[in-house]
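**Q** Please model the entire structure based on the sequences and the hints provided.
First to last, the sequence lines map onto chains E and B. The numbering used here puts the first residue of the first sequence at 1, with every later residue one more than the last. The numbering used here puts the first residue of the second sequence at 1001, with every later residue one more than the last.
If you're looking for bench data, these hints aren't it; they were derived computationally from the structure. Glycine included, C-beta positions come from ideal geometry on N, C-alpha and C. Among the hints, erroneous ones may be present.
[Claimed, not checked] Coverage of chain B stretches by chain E, computed from C-beta distances (three or more under 8 Å per stretch; other residues unrestricted):
(1) 1137 to 1148
(2) 1178 to 1184
[Said to hold, decoys possible] According to the in silico footprint, chain B covers these stretches of chain E (three or more CB under 8 Å from chain B):
(3) 133 to 141
(4) 174 to 182
(5) 248 to 257
(6) 323 to 337
(7) 549 to 557
[Unchecked claim] Straight-line C-alpha distance at most 25 Å; calculated PhoX-like pairs for lysine-lysine:
(8) E/K241 - B/K1107
(9) E/K251 - B/K1107
(10) B/K1089 - B/K1016
(11) E/K540 - B/K1219
(12) B/K1089 - E/K107
(13) B/K1107 - E/K15
(14) B/K1241 - E/K251
(15) E/K107 - E/K24
(16) E/K540 - B/K1540
(17) B/K1540 - E/K241
(18) B/K1016 - E/K219
(19) B/K1215 - E/K107
(20) B/K1424 - E/K16
(21) E/K107 - B/K1016
(22) E/K344 - E/K107
(23) B/K1540 - B/K1107
(24) E/K251 - B/K1089
(25) B/K1241 - E/K540
Protein chains: 2
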Amino acid sequence: MSYKSDIEIAREAQKKPIQEIGLKIGIGHEDLLPYGHDKAKVSQSFINSVQGNDDGKLILVTAINPTPAGEGKTTTTVGLGDGLNKIGKNAMICIREASLGPNFGMKGGAAGGGYAQVVPMEEMNLHFTGDFHAITSAHSLLSAMIDNHIYWGNECDIDTRRVAWRRVVDMNDRALRVITASLGGVSNGFPREAGFDITVASEVMAILCLANDLKDLEKRLGDIIVAYRRDKTPVYCRDIKAEGAMTVLLKDAMQPNLVQTLENNPAFVHGGPFANIAHGCNSVIATKTALKISDYVVTEAGFGADLGAEKFMNIKCRKAGIAPSAVVLVATVRAMKMNGGVAKADLGAENVEAVNAGCANLGRHIENIKSFGVPVVVAINHFVTDTDAEVAAVKAYAETHGVEAVLSRHWELGSEGSADLARKVVEIVDAGQANFAPIYPDEMSLFDKIDTIAKRIYRADEVLADNKIRNQLKEWEDAGYGNLPVCMAKTQYSFSTDPSLRGAPVGHSVPVREVRLSAGAGFIVAVCGEIMTMPGLPRKPASESIRLNDDGQIEGLF
Amino acid sequence: MSYKSDIEIAREAQKKPIQEIGLKIGIGHEDLLPYGHDKAKVSQSFINSVQGNDDGKLILVTAINPTPAGEGKTTTTVGLGDGLNKIGKNAMICIREASLGPNFGMKGGAAGGGYAQVVPMEEMNLHFTGDFHAITSAHSLLSAMIDNHIYWGNECDIDTRRVAWRRVVDMNDRALRVITASLGGVSNGFPREAGFDITVASEVMAILCLANDLKDLEKRLGDIIVAYRRDKTPVYCRDIKAEGAMTVLLKDAMQPNLVQTLENNPAFVHGGPFANIAHGCNSVIATKTALKISDYVVTEAGFGADLGAEKFMNIKCRKAGIAPSAVVLVATVRAMKMNGGVAKADLGAENVEAVNAGCANLGRHIENIKSFGVPVVVAINHFVTDTDAEVAAVKAYAETHGVEAVLSRHWELGSEGSADLARKVVEIVDAGQANFAPIYPDEMSLFDKIDTIAKRIYRADEVLADNKIRNQLKEWEDAGYGNLPVCMAKTQYSFSTDPSLRGAPVGHSVPVREVRLSAGAGFIVAVCGEIMTMPGLPRKPASESIRLNDDGQIEGLF
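**A** Here it is as structure tokens:
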């Protein structure tokens, strides 16, 4: 049996005009700002108008540690949203936007897969509604204003060796990682080292995704530390007077984007911060708006639950004052097998023993999520090669942790395949068992926050950090930043910092190589491994094959 | 008497839904891709569907050499368009898009002024429909692919000292004019000198504005020379295999943007190439589409007629196979006085003698335009301080050149004020006097083309160019580029290359400092003076004052 590709399915989608989708969730014509016929932004006045509504229930979709086998977290998010609508619930989903640059390296990513997708897929992988371009512009304006400030007399006494604000471009361009700028003579400024990150790594992206409204956005932008003086005191974005114009550039980008699933259910696709040096969740404003207009909101977090769900709980929920009513933990039989030691080439053969061995990874994530006071259901995202015995093994394992694992066939069948999962999720949510709390209080010292995550989530024996790092954390506490949460930057492939350690490793250490202060976003980044903030293109980049065919269709992007 | 500011007038505009504007020119709902409620793109399928229509008449609005007094070329373009509609004609206008970056240096520009404006003004000065972001992305992709090609083995043998393709960003960022890139070690590539221009200076911008369709766009992008080998042979964009993906990125940007004037008449605002290193006209696709759906199309060209009209005729019209039926030459009494030697501070006082003296500038432009075989009408863009005697002096002078000068009060009165001008233009156009031809043939040698423009348009005695430049031109002729037109990069303030020489200078020389080949756009650039392709921000940039006020309105942008 052969299956259609994601793009084939997406191109066959029977999309409804976006105005119809908007009306489903109560957004009238005037409040829906269309971008073509199948995308729209929700007006600020609509968002203001629903603030008095009761909140719906929030459901987080997260996953085991990712493996090359693929887990299908977004696919399950979409499938669950469609499933909830299928069983008669008023539900919508909130997911992240895709970054433009990486599409030209590897092939572009779908938003979901199979019959659980969000469309228009191509636009979502290209310019979409321009949000990331606006972020690039706002970031670039601040960059230009910093060097311009130095050029015209440097009133703020910026130490040009200590400019913390790098530049960004939404392209995989390794040649810009490290540069010297302001060369070429007096009229071009004072030569200094600089460099570019990819746009999704911009602190502006993290800020946009955490800001509650435009006022909050402007305040946070002003809080960005752009440089330090020779005495090491910080120079803020507001010292450079850039936050007002940056807010103007981000005005439209702050409005959530409405699109639809293949089954014509509403989806907000908004924001896309890195899941390592940032918190990896869609925007707070989209999630909160969705909660005001839907009874059930399904959202997801980046990477596996050790990184994504942890940050969702400790950063996004804490900051936004929201709480999940249930967590759906996505696993696949194939991924369990890989966690159990099977090589990718051998995944086709039934291997119940390997499934059982790999389930340790699943079990630890279940325990971790429960420690936030939130009930869990495991979604087994069905692959056509899965055997009944393998599926039964995962279900049996989940039961030993007191949770149910539900087989979900949304990839193959759309909402027909995810209705069971949806019913189970509704049962758990409506039972009102959740008693959410972050796993550390604001008042805890910064180092202890890192230590808490490392020991309670990663199950490490210890955190390794030299005095330079510990002193830096203390300095930030003295400067008033001690109440911030911590954003861990660690490999997504393991609970440990060693990407090859699958399953549920114990006895490991978490070395903190570097700490960074994102004062505008409002978190401390603890870097525990190599973090690449500007990817490169591969030897044969996808861009070499991308083109419009004679029918005007895009080839090579997917 | 006090007058409202442009932004006050623009904010009071009674805009109609863009779908209504579209219907006026026969664009149905399906073919109009809205961006919010007041901007839209015209679908490629609509453009295809009107190719069999007869062409309307094309009217170029150009001006005398710009002075600090202001001429109001765009204002007159808009006013004339409204005036034509007022007198019952089916007319539309085609103008350029604004660049984002410069808004943060000086205050942003309106599209027109007074009661002759195109709206929405704010969006048009910010992200608009994302065209320039798409150009930045396409340009950046090629940049990244060039360095990536070098990184992975440099199969094309690019001499890293001779990479001709600079990077771009749509921001005034002088620190990026000259950089060294690919620093930081083996994994970041081979260190080399590089630099950034502002996006509007990108050859991609010029190409987008000259391309007839997506196929032509892709072909021209492939023709870009990105670098040279040690043997000085060129490496093309298509050798790097970037043109297909660039075309995909530019797919939407190739569709003209529809907006409206304050009087709800249709306007295409599309493309915005530099008027010095490029040809400074709105897109060919917008102009040609407008000609298919309107009886009269009013468009404009950058700077004064010596640069803008000359390039419009010799480059845009030649390449696009279009021809103007009339030229409106905009002049103001104030500008005549400045050309006649009056300082800006003294412009308020009546000075007929100075008007008469300054008219020499006007006269030469009239003669030049006639030399293309196109009839001229002078539009005196009325300022409230103009006296009757001064206006009469301009009219009388124009008559000595056999053309009529019409006073037009669109700034103050909208179409009520421009109806006379509109009637005169229709009279000239409908008389069918035009017999357009470029002033040099394709077959003329490149140097002789420069010489022809310098002598016939600038009225210079000679062109100064050393052997290096003459040899370079010969090399390009040998390589098959001899048939290209020449794009002059010269000060806009004078017929000569000395910006302080107002009026109608004679006896001057035109020194060619440098020549560049824009093989994708399809012209040779002759640089005759300092050309700044990356502006800087001033000491107190406008961005320091730009912000959203409590009503959500933008302050400080205008």
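**Q** So, for every hint listed, does it hold in this structure?
**A** Structure-based check of all given hints:
no.: 1; hint: 1137 to 1148; in the structure: holds (count 8)
no.: 2; hint: 1178 to 1184; in the structure: holds (count 7)
no.: 3; hint: 133 to 141; in the structure: holds (count 6)
no.: 4; hint: 174 to 182; in the structure: holds (count 9)
no.: 5; hint: 248 to 257; in the structure: holds (count 4)
no.: 6; hint: 323 to 337; in the structure: violated (count 0)
no.: 7; hint: 549 to 557; in the structure: holds (count 4)
no.: 8; hint: E/K241 - B/K1107; in the structure: 16 Å, holds
no.: 9; hint: E/K251 - B/K1107; in the structure: 19 Å, holds
no.: 10; hint: B/K1089 - B/K1016; in the structure: 20 Å, holds
no.: 11; hint: E/K540 - B/K1219; in the structure: 22 Å, holds
no.: 12; hint: B/K1089 - E/K107; in the structure: 51 Å, violated
no.: 13; hint: B/K1107 - E/K15; in the structure: 42 Å, violated
no.: 14; hint: B/K1241 - E/K251; in the structure: 36 Å, violated
no.: 15; hint: E/K107 - E/K24; in the structure: 33 Å, violated
no.: 16; hint: E/K540 - B/K1540; in the structure: 46 Å, violated
no.: 17; hint: B/K1540 - E/K241; in the structure: 10 Å, holds
no.: 18; hint: B/K1016 - E/K219; in the structure: 35 Å, violated
no.: 19; hint: B/K1215 - E/K107; in the structure: 23 Å, holds
no.: 20; hint: B/K1424 - E/K16; in the structure: 49 Å, violated
no.: 21; hint: E/K107 - B/K1016; in the structure: 42 Å, violated
no.: 22; hint: E/K344 - E/K107; in the structure: 20 Å, holds
no.: 23; hint: B/K1540 - B/K1107; in the structure: 11 Å, holds
no.: 24; hint: E/K251 - B/K1089; in the structure: 39 Å, violated
no.: 25; hint: B/K1241 - E/K540; in the structure: 10 Å, holds
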